Structures are given as structure tokens and as C-alpha cells.
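Q: So the chains spell out like this:
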Amino acid sequence: MVEAGWGIALALGYWVLLFVLALRVERKGKAQWLRSPYVYALSLAVYCSAWTFYGSIGRASSFGLSYLPVYLGPTIGAMLFPLLLRRMILLCKHYQIGSLADLLSSRYGKSVAVGSVVTLISLIGIVPYISLQLKAVSESFGLLMLESPFETATKPVFEDTAFYVALVLLAFTWLFGTRRGNMLEGNPGLVSAVVVDSAIKLLAFLIVGIAVTFWLYEGPGDILQQASARLDLRQLFDFSSTIRRDDWIWISFLSMGALFVLPRQFQVAVIENTQVAHVDKALWLFPLYLLLINLFVTPLTLAGIDHFGGNNFSSDYFILELPMSAGYSGVVLLVFLGGFAAATGMVIVETTALGNMAANNLVLPLLLKAGWPGSERDHNLSRWALNIRRLAIGFIIIAAYLYYRNISHWSSLVSIGLISFVSVIQFLPTLIGGLFWKQASRKGALAGMLAGFAIWTYTLILPSLASRGIIDAQWIETGPWNLTWLKPDALFGLEGYSTITHSVIWSLFWNCLCFVGFSLFSGQSIEERNQAKLFVDVQDYLQQQINPNEWQGNAYTADVRNLLHNFMGVAQAEQALKGFAKKHALDLEANPIADPRLLAFAERLLAGTLGSASARILLQSVAREEEFGLTEIMGILKESQQVIALNKELLKKSTELRKTRDELSIINQRLQKQDEVRNDFLSTVTHEIRTPITSIRALSEILFDNPDLEEADRQQYLQVIVRDTERLSRLITQVLDLERYDSGRQKLTLSRTYWSDIIEDCRASLKGLQEGKHVTLEVMISANLPPLIADTDKIIQLLINLLGNALKFVPENSGVIKLKVFLQQDFFEIRVEDNGPGIEPEYQQLIFEKFYQTVNQGLKKPIGSGLGLAICQRIVQLHGGKLFVESEPGQGACFCFTLPVLETVIVQ
Amino acid sequence: MRKVLIADDEPNIVLSLEFLFRKQGFTVLIARNGAEVREILKTETPDLIVLDIMMPDEDGYSLCRFIRSSALYQGVKIAFLSAKSKETDIRKGLDNGADAYFMKPFSTRTLLTKMLELLEKPQS
Chain E
1 MVEAGWGIAL ALGYWVLLFV LALRVERKGK AQWLRSPYVY ALSLAVYCSA
51 WTFYGSIGRA SSFGLSYLPV YLGPTIGAML FPLLLRRMIL LCKHYQIGSL
101 ADLLSSRYGK SVAVGSVVTL ISLIGIVPYI SLQLKAVSES FGLLMLESPF
151 ETATKPVFED TAFYVALVLL AFTWLFGTRR GNMLEGNPGL VSAVVVDSAI
201 KLLAFLIVGI AVTFWLYEGP GDILQQASAR LDLRQLFDFS STIRRDDWIW
251 ISFLSMGALF VLPRQFQVAV IENTQVAHVD KALWLFPLYL LLINLFVTPL
301 TLAGIDHFGG NNFSSDYFIL ELPMSAGYSG VVLLVFLGGF AAATGMVIVE
351 TTALGNMAAN NLVLPLLLKA GWPGSERDHN LSRWALNIRR LAIGFIIIAA
401 YLYYRNISHW SSLVSIGLIS FVSVIQFLPT LIGGLFWKQA SRKGALAGML
451 AGFAIWTYTL ILPSLASRGI IDAQWIETGP WNLTWLKPDA LFGLEGYSTI
501 THSVIWSLFW NCLCFVGFSL FSGQSIEERN QAKLFVDVQD YLQQQINPNE
551 WQGNAYTADV RNLLHNFMGV AQAEQALKGF AKKHALDLEA NPIADPRLLA
601 FAERLLAGTL GSASARILLQ SVAREEEFGL TEIMGILKES QQVIALNKEL
651 LKKSTELRKT RDELSIINQR LQKQDEVRND FLSTVTHEIR TPITSIRALS
701 EILFDNPDLE EADRQQYLQV IVRDTERLSR LITQVLDLER YDSGRQKLTL
751 SRTYWSDIIE DCRASLKGLQ EGKHVTLEVM ISANLPPLIA DTDKIIQLLI
801 NLLGNALKFV PENSGVIKLK VFLQQDFFEI RVEDNGPGIE PEYQQLIFEK
851 FYQTVNQGLK KPIGSGLGLA ICQRIVQLHG GKLFVESEPG QGACFCFTLP
901 VLETVIVQ
Chain D
909 MRKVLIADDE PNIVLSLEFL FRKQGFTVLI ARNGAEVREI LKTETPDLIV
959 LDIMMPDEDG YSLCRFIRSS ALYQGVKIAF LSAKSKETDI RKGLDNGADA
1009 YFMKPFSTRT LLTKMLELLE KPQS
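If you're matching them up, the sequences are chains E and D in order. Quick note on numbering: this note's numbering labels position 196 of the first sequence as 196, and the sequence is numbered without any gaps. Quick note on numbering: this note's numbering labels position 10 of the second sequence as 918, and the sequence is numbered without any gaps.
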């Protein structure tokens, strides 16, 4: 009883110490000593709860080394820290995530359902675990009072130590676990208490271990010898049984997974983490802690068995009873304090974490969806959230206490702990899949977790309820509806495993199956896909983007707005800001301090045009007063804005210029081409003119210089001169004609004429030539042709030209030329057919070009300038008709043209 | 007797040249195209060939190259007489092996003097 009094005093003293320490830490702001990897590793040791402290030895005395997997798992799990924990920390810091439920909800498209399911499973699975801590504290206190655990459990509430412990822990959690609205800022007061707890429980365990092993006994060998005299230890520490080996593996795996998904572990390892790099040291510090705290489990167990026998009801408390029976009062008190500390640390962290989840992922979303608390939400939301958290923590601790009072004394510490583990392990597939598999979907997560949870309930909870007579126990033995394959301890015929292992296997199997199956076949919403990308590729995003946390509170909204105005223009900036405010339900006017999201948003906006580095510098100037003053930056911006405007103008101008230049170049090319054509034409014309001039001049000079020329020669020379002069003037006339047509200056003088008259004129003109060559000219005119309305002189010129050409090429004496005029629909068609040599197909187009004379004209140049057909073509075209040639070499040629039949005469 | 070959497809021009060379005591051979030039050169070796450039079947340049390529006509003087008056035409004519290039229309007096001078000039 002396010890009990001391125990109460010590417990109260310890609490006062924790309160004072936590308060100091909170008052001072973030204490420097807390920002150390050793502190971080100690905080992770919240894993070792009162369950560990007392339960390990309890389990070891019943099942030998089977207590070890619970520590072996996390030791292996620590090796995954760099891969898993690091990523989880980055995600939470980057995306403002405050709990495991938050993380999973956010990953799966910010799903309320996922968050709620995680929260509910956690609550159902963990509340018994918390009650377990209360049970450990009150039972250990009961031991100090020399009560039996049964007595302890049946005391009225107000005499029950657990009740008061619960109240104090509630107060502590309220004080230090709910100080801040923003969960990510961490709870240094809470952490400082946890760290002291961890240190004390390790110290206590080591000291009691040393005391028992080396004072009570004469070392480990002595204990082994003494204990083996009482009990067949080989049976206890035998590895050969298959069942146990499988249990080992599965329970190790279970504990390893729990390390990442237990709410309290998530709280200390992720949320309370001050520096990501600490993870690397924790990688070996945390396993070291686990090793040390387990160092004396076996000696203490053996000593306990030696002292109290193998099947002691309260083997959980050997650690306390051993020093008590040996009369080591100081050690007893220290052990009591250690267990007390272990329970305290676990409860305050676990309830803080669960409170966050319950408030933010269960209660608040439901309230907000229900439209509550209405219009005031903007101003009071964080206060609301805090109060709801406090309320939730209250409910959790009360629930845990009630559970302890009514149910928990039925089972040992270790079994409750493992059942809790199996419930939270259901988050593992969803978590791992969410971090590394983009396709993992919301439906998959929900299906997996619910399936796992259902199996957990069916295989672990229902049997335990049945065993207490709460529900009918009959079906446990035979399976429901006598279906043995549905027996909860041998589902689908799986037998030979412990109930825990059996449950782990089936719950995880169905969990994974549903998770993967639904993910593969259900598809994702856009929001889910976005979030999946943000989470799985978090490294990429971290490199590109800023952590919104870094933009904290130092900038003024007005400055940010001004910056955007200056850079993007007022209208565009305002539009963007409006969209942003709407999206995040922010009132930008209400808060003079810029929301960190606004800064991140502004940075992204600016980065779009400025590049991310510049955007960052700009925002730093607004947010943190860097070397650049704001006014200078504004100056730079205004300047660059003007430059940009100027550049735009220039770009426009230069585009216009380029367009003009291109057009000019095309025109120039056309002109050059035309120039070439004209040059060719000119040089040809020159040549054609020079030829007659040459003979005219030469012969004139000869006549002049040789007065004694014979009369015949003189006559011949004069004749040539006259003919070449004619040729010259004809050429000049034709060139000028052609030029008139080509420049569009040639006008037609329309008149009404009959074809017979036109043909008569032509016959008269060509009569001499025709008769000289003895050529037959046949004329065929359709009867009743309408009169021709055309420029008669031009048509006569045209016909004479064509007939003249024909005359040139037909053979002498046997030449036949046929002239046909007839109607073809709305056109007159005129054909001039000859029986000359004809024209090769390749020349049939060329002959209409200026100065083109077919090469097979013979050696003697025919009379002609090479312009005749070119002029003919223009005459026809000007009348709206077509001129073309049909010919096969050797079969003669036929030049045809059409002229429209006009109804009226346009008198000009 | 000196021989001149006049190659031109314009009979009226040939008429005047024929008169002028005859008057100087030349034997005058006349070709109205490239083929006739080649034909005549098979049997005759004139002292001077007067070549037009634009003829119906073959241009004067290639005829000139043909004549210069044969060892038989080493001592023959070749003169172009053409209505083409561009600098490039003249250069091209001389590059193809002609000894002189005269333009149409010409002065009968100067043309004859220059032709005779050309004949006196030693072979280059």
C-alpha cells in the first residue's frame, strides 16, 4: 500500500511534468531540441504502447518467441522508410494533408466516402486498443494496491483509476492535440510529451531487466537453469511447428504494415515530422529502440515462469510482480511509471489522430453537405473544425473507457492489440496502390477496404462476441446454415492457422482482389485521375512547383493583385482572380494577407508567361521583401510590358512587310518573265526588220556605185528593193497590230455582213496567188446562214491570212483548199482545209506563237512575218470565238475558228 | 582566182553579196542552209566563208565549229555576217573559231574592204 500511494504521487507528478514541459514547448514556439532525428526516432517509438510494455512478456510466457514478430515486422518495415514514409511525408506537406484518412481521401479524388470509410474502420478497430491502454494502467495500479485484476475491473466508476486516467488524458489531448486549426503545423507540445514517454518506458524496461537478471538472479544463464527446472522450456521456444512458423511470417507482415497505417504512427511519423531527412536516421534508430526494449523480454519471462508458474492468469504483469516480490520498491515504481508513460503516449497521440480523422473526414463533410453552419462558415470554419475535433476526442476516450469497463477484461492485452492491427492493415493495399499505381481508383479503394473489413468482422469480431454469449455461438462451431466452409475460423476450408493469421490471410486476399479488380474495371473520374497523377508522380511535381506552405502569410493580397495587374493586364488578371476565388471559396477582399494558395496560383499564372524561375523571384519580392523592392519590380514590368507591346507592333509590321515583299517578288518574277518574252520578241523583230533593210541598203548602194549596171540587173535589184520595202512595212504594221491587241487598245467596229460578201472579198484578194499556183478553192456555205455581226475588215484579214497560209503550203497544180462555213449551235464554224504537208502534233500549239515558223517549211522562206497566226488568234478571241488547228502529218491541215451568232448590232 | 562561199537563207542579201564579190574577181559559191554548206565543202576549198547565223536547219556557230574541226580547211577565213548585234552574239561567234564578225545591215564599201583585209591577214 505504501507503493500504491507512491504510485499515485508519481503518476500525478509525472503528469504535471508533462504538462509543464508541453506548455513550455508550446509557449516558446517550436523548440530546437525537438527538431532532431533522435527525437523523431523516439517519437516513432509511440509504437510500443502499454501493450508492448506489459503484453510482450504475457505473450512470451504463453507462446514463447511468438511475441517477437510484432517487433520484427516494424524492424523490416523501417527499411521501407525511404521508399514509403518519405513519399507520404512529401505528399502530406505538399498537398496539405493532415491524416491518413485525409491522404487516402485526397488520393482517390478527394472522396468523402473513402475518408469516411477509413475513419470508421479506424474508430471501430482502434477504440478497443485505446481501452487496452486504460486497462493496462488501471490493472498495473491495481497490482500496486495488491488487488486482483478482477477486483479492479468491478470497482464502481468513481473509484476506478482508469476513469481518472481517462479524464486526465482527455484534458491533455484537448490541451496539446487541438491547439491549432492547421493540422500540418504539428503539435510540438504533444510530441515533447511522447518523446519523454518513450524515453521513460525504455529506461524502465532496461532497469527492471537488469535488476531482475543481475540482482535477483546471477545473470541470464542462471535464469535459464532455474526456469528449465520448472517447465519444459523447449516446448515453449520451439520453432519446428509449422503453425508457428506461418504465424511468425504473417504477424511480422501484419506489424510491418501497421507501422504505416496505424493512425498514431501516421501522426508522429508524417504529420509531426519536422524534416524529411530525419527519416534516414530513423531507419536504424527506430529498430535499435525496438531491439533494446525487447532485450530483457526473454529473461523476464523465464524469471516470471520460475517465480509464478507457466499458466499464471496475469503473466502480462510479470514485469511488475517480479520486482514487487523481490522487494525492489524503486524499480516497481519505475516500471509502473514506464507502463503509465507508454499508455499516456499512445492514448494522446492516437486520440489526436483519430479526432482529426473523425472531425475532418466524417463529421465536417457531412455537416457541410447538409449546408451547416450556413453563411457563417467562412469566418468560423476553423473554429468549428477545432471544436468538432475536441468533441470527437471526447467521444473516443469515453467510448474507450466504456469498452474497457464492459468488454476488455475478457481478453489479454496482446490479442486485442493484434485484432486492432488487422483492422487497420486493411488500409495497406489502398495506401500502397494509391502511392504507386495510377490506375488505383476510388471504387477499388472502397471495395477493397470494405471487403477486408467485412472479413475482419466475420472472422475476428463475431466469434469473440459469440464466445461471450452476446450472439448465438452455435453457428461458430458448425458454420452458418451448417455450411462448414463458412466457419469463421476456417473460411473456405483454411485450417491450421491461428485466428489472427487466418483473418489476415482472408481479409487481405479479398481486400486486394476487390481493390485491384474494381480499379481495373471501374475507371476513374477526372478528379481521381488528376489526383492519382499528383500523388504517384509527386517527385515530378515537387521539382516543378512550390510547396504552398512556403508562401505563408507574409504577402499582402493587394500586392499580389497589383503584380498580376501589371503583368497580365487588369481585365485578364481580375478574371483569373475571380475564377480562383470562386474555386476555393475565398473572399480576396476580406483578408489583407494573401492566402498561400493565392500565392501558389499567382506563381503558376506568372510562370506560364515568365518562366518559373522569374515568377518565383517576382513572388518572393512580394512575399518576402527580397533585395528587389516592389516598386523596382513594377518598373521593370511596366517597361517590359511596353517592350512587349512594341514588339507586337513590330512583329505585325514585319509580317506585313514580308507579305508585301513576297507579293513584290512574285510580281517581279512575272515582270522578268514578261521582260524576257518582250526581249525575245524585240530581238526577233529587230532581226526580222534588219533582214529587208540589209538587202535594201546593199542593193541601193550597188545601184548608186555602179551606174554602168546592165539594165536586167538594175531592174532585178530595184524589184527586190521594192518587195523588201513592202515586206518591211507589212512587218511593221503587224507588229503594231499585235501590240494593239496585246495592250487591249484594239477596238472592233461591228457591222452586219453576209458571209457570201466576205468570202467574195477574200477570193478577190487571193485570186492572183491562187491562179499563179493553179490551186483549186472550193467554198461551201450552209444555206440560210444568219448575217454575221462582226468587225468585217478584221474577219476578212483573218480569212485572207488563213487562206494565204493554206495557199503557201499546198502543192502547186494539185493543191485543193476547201472553205466551209456552217452553224454549230450558237456559233458559226469556219474551216479552212488544205491538202498540204500537215503539221506535226508537237507544233500545233507553237504555230500560234509570235515569230514561230515551222521548220519543215522548206528551204525557201515563205512570205510572212511569223506574226500572222498570232494576229489571227487575237482577232478570233476578241470576237469571242476560238481558233484551233486539226491536222495529221501528210493529210493536210484544217484551221478552224468559231464566231458567235449575235442577234443585235451594237452601234458604236 | 579566189573563192568565197556565201551561206545565207535570205536570197536578196545573197544577191547583193554575190554581185560585190564577183566584181572583185571572186568565184562565188552559194549555200542557203547548213546542209548545202557541208555539201559544197566536200568538193571545194574556199578562201573565205561568209556565214549567216540564223539559218533554217543549222545555226552558223555549229557550222563554224564543224569547219574549224577539220584539218582540210585550216587556211580558210571565216566571217560571220549576221543581224544579231548583241555583244554576246559577237563573242560567241569569235569563240567558235570565226576570224571576223560583221553586222547587217552593212555598208557595201566598208564590208568589202574589211573582207579583203581579212584575206590579206596571216593565219592566226
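The set of hints was computed from the structure by calculation and includes no laboratory data. Computed from a predicted model, the values in this text were never measured in an experiment. The beta-carbon is built from N, C-alpha and C at its ideal position, and this holds for glycine as well. Be aware that one or more of the hints could be misleading.
Stated by the list, open to error - FRET-style restraints, in silico, Cβ to Cβ:
1. E:Glu778 to D:Ala943: 50 to 58 Å
2. E:Glu710 to D:Glu1025: 26 to 34 Å
3. D:Glu1025 to E:Glu778: 56 to 64 Å
4. D:Lys1029 to E:Glu710: 31 to 39 Å
5. D:Lys1029 to E:Gly890: 34 to 42 Å
6. E:Ala645 to D:Glu995: 23 to 31 Å
7. D:Ala943 to E:Arg730: 24 to 32 Å
8. E:Gly772 to D:Ala943: 56 to 64 Å
9. D:Gln932 to E:Val779: 30 to 38 Å
Q: Against the structure, test the hints numbered earlier, and report the numbers of the ones violated in rising order.
A: Structure breaks hints 1, 5, 6, 8 and 9.
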